[in-house]
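Chemist: Protein sequence lines correspond, in order, to chains A and B. All residue numbers for the first sequence refer to the numbering used here, where the first residue is 1 and numbers rise by one. All residue numbers for the second sequence refer to the numbering used here, where the first residue is 1 and numbers rise by one.
Be aware that a few hints might be false.
As the list claims (entries may be wrong) - Restricting the straight-line Cα-Cα distance to at most 25 Å, the calculated cross-link-like pairs of lysine to any residue (SDA-like) are: (1) K41(B) x N96(A); (2) K107(A) x E197(B); (3) K203(B) x L221(B); (4) K89(B) x C125(A); (5) K41(B) x L66(A).
To be verified - To give an idea of the chain B side of the interface with chain A (calculated C-beta under 10 Å), a few residues: (6) A39; (7) A44; (8) R97; (9) W98; (10) E154; (11) D161; (12) F198.
Stated by the list, open to error - What follows is a list of derived Cβ distance ranges for each label pair: (13) I17(B) x Y115(A): 24 to 34 Å; (14) E263(B) x N96(A): 26 to 36 Å; (15) E62(B) x M59(A): 41 to 51 Å.
Everything labelled a hint here was simulated from the structure, so no lab data went into it. We put the beta carbon where it would ideally sit given N, CA and C, even for glycine.
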Amino acid sequence: MYDGGKVIIGLIVLFIICTFPFFYNMGRAAKAPEPKLDTPAIKKLPEWERVCVQPTPWMRANHMRLIDQWRNWALREANREYIGFNGKRYTISLQNTCLNCHSNYDKFCDECHSYMGIKPYCWSCHLQKPKEWAKGELKEGR
Amino acid sequence: MEVNRRQFLKSIGLFTILGIGGWSAFELLVPGQIEAQYARKKEALRAKRWAMVIDMTKMDEEIAKKCIEACNKIHNIPDFYHPVDPKYKVDPKKARRWEIKWIWLEPFEHAFPDLEEKFMPESLKEKLFVVLCNNCDNPPCVRVCPTKATWKREDGIVMIDFHRCIGCRFCMAACPFGSRSFNWGDPRPYVNYRNPEFPTREKGVVEKCNFCAERIDQGLLPACVEASNGAIAFGDILDPNSEVRRLLREHYTIRRKPHLGTEPQVYYIIM
Chain A
1 MYDGGKVIIG
11 LIVLFIICTF
21 PFFYNMGRAA
31 KAPEPKLDTP
41 AIKKLPEWER
51 VCVQPTPWMR
61 ANHMRLIDQW
71 RNWALREANR
81 EYIGFNGKRY
91 TISLQNTCLN
101 CHSNYDKFCD
111 ECHSYMGIKP
121 YCWSCHLQKP
131 KEWAKGELKE
141 GR
Chain B
1 MEVNRRQFLK
11 SIGLFTILGI
21 GGWSAFELLV
31 PGQIEAQYAR
41 KKEALRAKRW
51 AMVIDMTKMD
61 EEIAKKCIEA
71 CNKIHNIPDF
81 YHPVDPKYKV
91 DPKKARRWEI
101 KWIWLEPFEH
111 AFPDLEEKFM
121 PESLKEKLFV
131 VLCNNCDNPP
141 CVRVCPTKAT
151 WKREDGIVMI
161 DFHRCIGCRF
171 CMAACPFGSR
181 SFNWGDPRPY
191 VNYRNPEFPT
201 REKGVVEKCN
211 FCAERIDQGL
221 LPACVEASNG
231 AIAFGDILDP
241 NSEVRRLLRE
251 HYTIRRKPHL
261 GTEPQVYYII
271 M
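Excised from the complex, chain A in its bound form (with noise of 0.2 Å):
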């Protein structure tokens, strides 16, 4: 091999260049996410009613896909009311069914999202509840 040292310290160096960023962020693993679900209108609800409009491994997988076929049906067909896979029926209605039990937004929604590294512009229009509704201190959902 011509100029084999060379080389091989030039691959060398380009193995730690390349794989860097993985000794850098090593044992530096970002906490798994643990969205909470202690909103005073959850606990409120008996511990066999905590059920969303579908079940939970269902909704963390849909959620997004649910909320815009809920926007859908809700604007464009004016049908406003879903039945839930317990037969439940809901309101459509992101700001006044789901936030009504999901009104930690940064401990619910922002958990995974930012896990993720996933902006969505919700609350650029959507009104989240007031952190003082969040904690129960206000009645009223203003």
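Given chain A, work out where chain B should sit, using these hints.
Modeler: Below, chain B without anything else, positioned relative to chain A:
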């Protein structure tokens, strides 16, 4: 193992049947999770074609202001003259340019430019008329929208999907009534009263009166109708027994710029 042509074709046929039948059987037994699981609310008001009759003999400026305030509050409409925080103060010129109007007042010659006469009752000429989106039956704004962000609902209400609006403002150019307003900036700092049940808008979308579609679907009358003390009637114009039809039968009514053929559905009793 030797496979002749006959056996080969047979096996292909068999596996095709198995493949198709097998998959559809699977689909039948485990149906997709997103099924049509929605319905119209029982209490929702229904009509073939919504329309509004504004009785200007009963409507005065005080009632009109009440109607406007009710609408503004319910729909989180910004007031650029009065920001929530004084640091967002804008000069009145800009505030006027940025104004968002769902329902507002116009003098006769602006509301009905083609009906203005040189000699006409002073009371009419100087009167301020309540104007709002006419929710036309033949809406030009819907025709020009390139993204289908605005459309006519089955019951005739012209709706906007703010998610889908790209802010091109074709609809504003198409509307002969100036019923649509554009959000030149973030309206949030100017929404003094926040109705938690309705969203605000964001920079770059067009908005207008929606005949309170969200209230109709919950079985409530539009906010302005409720606040009008009987001066505004709302109902199904295709139902001969409805309140609006009764008023149209008993009074002579005018509409804004009917000659343009947009078929406006807001009628005015003027005397």
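Chemist: Going through the numbered hints above, which ones does this structure break? Give me the numbers in ascending order.
Modeler: 3, 8, 9, 13
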